[in-house]
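Undergrad: Chains as they are written, first to last, in full-length UniProt numbering: chain A, 1 to 196; chain B, 1 to 196.
Treat the hints with care, as some may be off.
[As the list claims (entries may be wrong)] Taking lysine-lysine pairs in the DSBU-like style, the calculated list, with each CA pair at most 35 Å apart, reads:
no. : chain 1 : residue 1 : chain 2 : residue 2
1   : B       : K3        : A       : K118
2   : A       : K118      : A       : K164
3   : A       : K124      : B       : K21
4   : B       : K124      : B       : K99
5   : B       : K118      : B       : K164
6   : A       : K99       : A       : K118
7   : B       : K164      : A       : K21
8   : A       : K99       : A       : K164
9   : A       : K124      : B       : K3
10  : B       : K99       : A       : K3
11  : A       : K164      : A       : K124
12  : A       : K99       : B       : K3
13  : B       : K21       : A       : K118
14  : A       : K124      : A       : K99
15  : A       : K21       : A       : K3
16  : B       : K21       : A       : K21
17  : B       : K159      : B       : K124
18  : B       : K21       : A       : K99
19  : A       : K3        : B       : K3
20  : A       : K164      : B       : K21
21  : B       : K118      : A       : K21
22  : B       : K21       : A       : K3
23  : B       : K3        : B       : K21
24  : A       : K21       : B       : K124
25  : B       : K3        : A       : K21
26  : A       : K21       : B       : K99
27  : B       : K124      : A       : K3
28  : B       : K118      : A       : K3
29  : A       : K159      : A       : K118
[Unchecked claim] Calculated from the model, a selection of chain B residues having no Cβ within reach of chain A, i.e. all distances over 10 Å:
no. : residue
30  : A56
31  : R77
32  : Y98
33  : G100
34  : P111
35  : L122
36  : K124
37  : A127
38  : V134
39  : E136
40  : A149
Hints were generated in silico from the structure; no laboratory data involved.
Cβ coordinates follow ideal geometry from the N, Cα and C atoms, glycine included.
2 protein chains.
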Amino acid sequence: MSKSLEFLTEALRRLPGIGPKSAQRMAFHLLQHDREGADMLSRALHQAVEAVHHCALCNTFTEEDVCDTCDDEQRDRRLLCVVETPADQLMIEQTLTYKGLYFVLMGRLSPLDGIGPKDIHLEKLVARANDGVVSEVVLATNFTNEGEATAHYISEMLKARGLKVSRLARGVPVGGELEYVDAGTIARAMLDRRST
Amino acid sequence: MSKSLEFLTEALRRLPGIGPKSAQRMAFHLLQHDREGADMLSRALHQAVEAVHHCALCNTFTEEDVCDTCDDEQRDRRLLCVVETPADQLMIEQTLTYKGLYFVLMGRLSPLDGIGPKDIHLEKLVARANDGVVSEVVLATNFTNEGEATAHYISEMLKARGLKVSRLARGVPVGGELEYVDAGTIARAMLDRRST
Chain A
1 MSKSLEFLTE ALRRLPGIGP KSAQRMAFHL LQHDREGADM LSRALHQAVE
51 AVHHCALCNT FTEEDVCDTC DDEQRDRRLL CVVETPADQL MIEQTLTYKG
101 LYFVLMGRLS PLDGIGPKDI HLEKLVARAN DGVVSEVVLA TNFTNEGEAT
151 AHYISEMLKA RGLKVSRLAR GVPVGGELEY VDAGTIARAM LDRRST
Chain B
1 MSKSLEFLTE ALRRLPGIGP KSAQRMAFHL LQHDREGADM LSRALHQAVE
51 AVHHCALCNT FTEEDVCDTC DDEQRDRRLL CVVETPADQL MIEQTLTYKG
101 LYFVLMGRLS PLDGIGPKDI HLEKLVARAN DGVVSEVVLA TNFTNEGEAT
151 AHYISEMLKA RGLKVSRLAR GVPVGGELEY VDAGTIARAM LDRRST
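Same shape as in the complex, but just chain A:
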């Protein structure tokens, strides 16, 4: 195989979830059927690496010092929602139920993978949450073991500094039939039941 092709296959393997066979298939596909796409991807990667960094306030990806969301005057600056990734933030935005600001951890605590408090920018979060304006921090990390542990850790840390901390409600999903919901979720929904 030619040197450039080997280098390309090797580079494609850096993408998450791509093994040697997929990388080879992608390289052949781009060179055979979509050189324009390869060129576009090359430029997009270069441009993103050059231009994209972290928002000074919320830590998400942005090309400015402060991202559009943090810069938005219409937002309720007393609410700060903590999410693991920009994708999670997008999902919450799509619900149109939250008008506060965000903090994006860009990860979750995961001791087994060597990801500790420093790697998810908790110092930056503490400084952000203690700006004197934020009155409630809403923890919206995932409801996985690691996400729950991360929420617990952050909760303890912020409550020690006198901040009000809340967590997204757990319970039966909208449209969920009890017969098909797992027992853990029903147990939690029972414990957290609300008066109507």
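Following the hints, complete the assembly by docking chain B onto the known chain A.
TA: Then chain B, alone, in the frame of chain A:
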């Protein structure tokens, strides 16, 4: 989401088998955890698009006029093996049983996808096979419907020009247990049985 990030996500979707969620995950991963990899991929793509083209003889990807295999004096120039992709050629090379040359179609006949004889460079193959040195063409396209149709088409075309054409043997795979081999394969193995 920032412009550069949107552009990158869109560009990653040009990769075969990558949908919007995967593209987003890849973009976030590269920017968060592997900017060096992103940079490397950008350069690899640019370099490959610039440098890689088709071998004048066998049609595979190469950076020279003629690829290393076609240029190899040790090869038996009377044998020409036709494969669909460079990956197939690599597989055959790994068997160490074939010392002839190759012709890489870079595809297969597939009328439903609009892929006709021109798209798989059959004119170039005919010219190559009629160089006066090649005495046998070994068809090693896949044993799928499309690969079989491609082999049949090429076989008729080359036999009409007086060339000897052969096809890889079909039969029970090495290590195969009859109980678990499909009936079509066993039927073919029965028809093609060899005296011992």
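Undergrad: Now tell me if each hint is right for this structure.
TA: Against the structure, the hints:
Taking the CA atoms of B/K3 and A/K118, the gap is about 28 Å. The hint holds against a cut of 35 Å. With a C-alpha separation of about 22 Å, the suggested pair A/K118 and A/K164 falls inside the 35 Å cut-off, and the hint holds. Distance check on the hinted pair: A/K124 and B/K21 sit about 28 Å apart at the alpha-carbon level, within 35 Å; holds. Taking the CA atoms of B/K124 and B/K99, the gap is near 21 Å; set against the 35 Å cutoff, the hint holds.
Between B/K118 and B/K164, the direct Cα distance comes to roughly 22 Å. Compliance with the 35 Å bound is thereby established for this hinted pair. Between the alpha carbons of A/K99 and A/K118 the distance comes to roughly 28 Å, so the proposed pair stays at or under 35 Å and holds. Distance restraint check for B/K164 and A/K21: the Cα-Cα separation of roughly 34 Å lies within the 35 Å cut-off, and the hinted pair is therefore satisfied. For the proposed pair A/K99 and A/K164, the alpha carbon gap of about 17 Å is at most 35 Å, so the pair holds.
With a C-alpha separation of about 25 Å, the suggested pairing of A/K124 with B/K3 holds against the 35 Å cut-off. As the CA atoms of B/K99 and A/K3 are separated by approximately 22 Å, the hinted pair is consistent with the 35 Å bound. Annotation: proposed proximity of A/K164 to A/K124 holds, straight-line Cα distance about 18 Å (limit 35 Å). For the hint linking A/K99 to B/K3, the alpha-carbon distance of about 23 Å falls within 35 Å, and the restraint holds.
About 27 Å separates the Cα atoms of B/K21 and A/K118, which keeps this hinted pair within 35 Å; it holds. Between A/K124 and A/K99, the direct Cα distance comes to roughly 21 Å. Compliance with the 35 Å bound is thereby established for this hinted pair. Pair hint A/K21 plus A/K3 holds up; C-alpha atoms about 17 Å apart against a cutoff of 35 Å. Using a Cα cut-off of 35 Å, the hinted pair B/K21 and A/K21 holds, with the two alpha carbons roughly 21 Å apart.
The suggested pairing of B/K159 with B/K124 holds, with an alpha-carbon distance near 16 Å, which does not exceed 35 Å. Restraint check: the Cα-Cα separation between B/K21 and A/K99 comes to about 25 Å, which is no more than 35 Å; the hinted pair holds. Straight-line distance between C-alpha atoms of A/K3 and B/K3 comes to about 33 Å, which keeps the hinted pair within the 35 Å bound. Of the supplied pair hints, the one linking A/K164 and B/K21 holds, its CA atoms being roughly 34 Å apart against a limit of 35 Å.
Distance hint between B/K118 and A/K21 is fulfilled; the C-alpha atoms sit about 27 Å from each other, no more than 35 Å. Taken as a hint, the B/K21 and A/K3 pair is honoured in the structure, with Cα atoms around 31 Å apart against an allowance of 35 Å. Of the pairs offered as hints, the one joining B/K3 and B/K21 holds, with about 17 Å between alpha carbons and a cut-off of 35 Å not exceeded. This hinted pair checks out: A/K21 and B/K124 have alpha carbons roughly 28 Å apart, not beyond 35 Å.
Between B/K3 and A/K21 the alpha-carbon distance is near 31 Å, which keeps this suggested pair within the 35 Å criterion. For the given pair, A/K21 sits about 25 Å from B/K99 by alpha-carbon distance, which is consistent with the 35 Å threshold. Straight-line distance between C-alpha atoms of B/K124 and A/K3 comes to about 25 Å, which keeps the hinted pair within the 35 Å bound. Proposed proximity of B/K118 and A/K3 is supported: the alpha carbons are some 28 Å apart, at most 35 Å.
As the CA atoms of A/K159 and A/K118 are separated by approximately 19 Å, the hinted pair is consistent with the 35 Å bound. Every beta carbon of chain A lies more than 10 Å from that of B/A56, the smallest distance being close to 14 Å; the non-interface claim holds. For B/R77, the non-interface assignment is confirmed: its Cβ lies about 22 Å from the closest Cβ of chain A, beyond the 10 Å cut-off. Every beta carbon of chain A lies more than 10 Å from that of B/Y98, the smallest distance being close to 17 Å; the non-interface claim holds.
For B/G100, the shortest C-beta to C-beta distance to chain A comes to about 19 Å, beyond the 10 Å cut-off, and the non-interface label holds. Residue placement check: B/P111 keeps its beta carbon more than 10 Å from all beta carbons of chain A (closest about 17 Å). Look at B/L122: its CB is around 16 Å from the nearest CB on chain A, clear of 10 Å, so calling it non-interface holds up. Listed as outside the interface, B/K124 is consistent with that label: its C-beta sits roughly 15 Å from the nearest C-beta of chain A, beyond the 10 Å cut-off.
Once the 10 Å rule is applied to beta carbons, B/A127 is consistent with being away from chain A; the minimum gap is 20 Å. With a least CB separation of 24 Å from chain A, B/V134 remains clear of the 10 Å interface cut-off, as annotated. Against the 10 Å criterion, B/E136 stays outside the reach of chain A, whose nearest CB is about 26 Å from its own CB. Interface exclusion of B/A149 from chain A stands, the closest Cβ pair being 20 Å apart, more than 10 Å.
In summary, the structure agrees with every hint in the numbered list given earlier.
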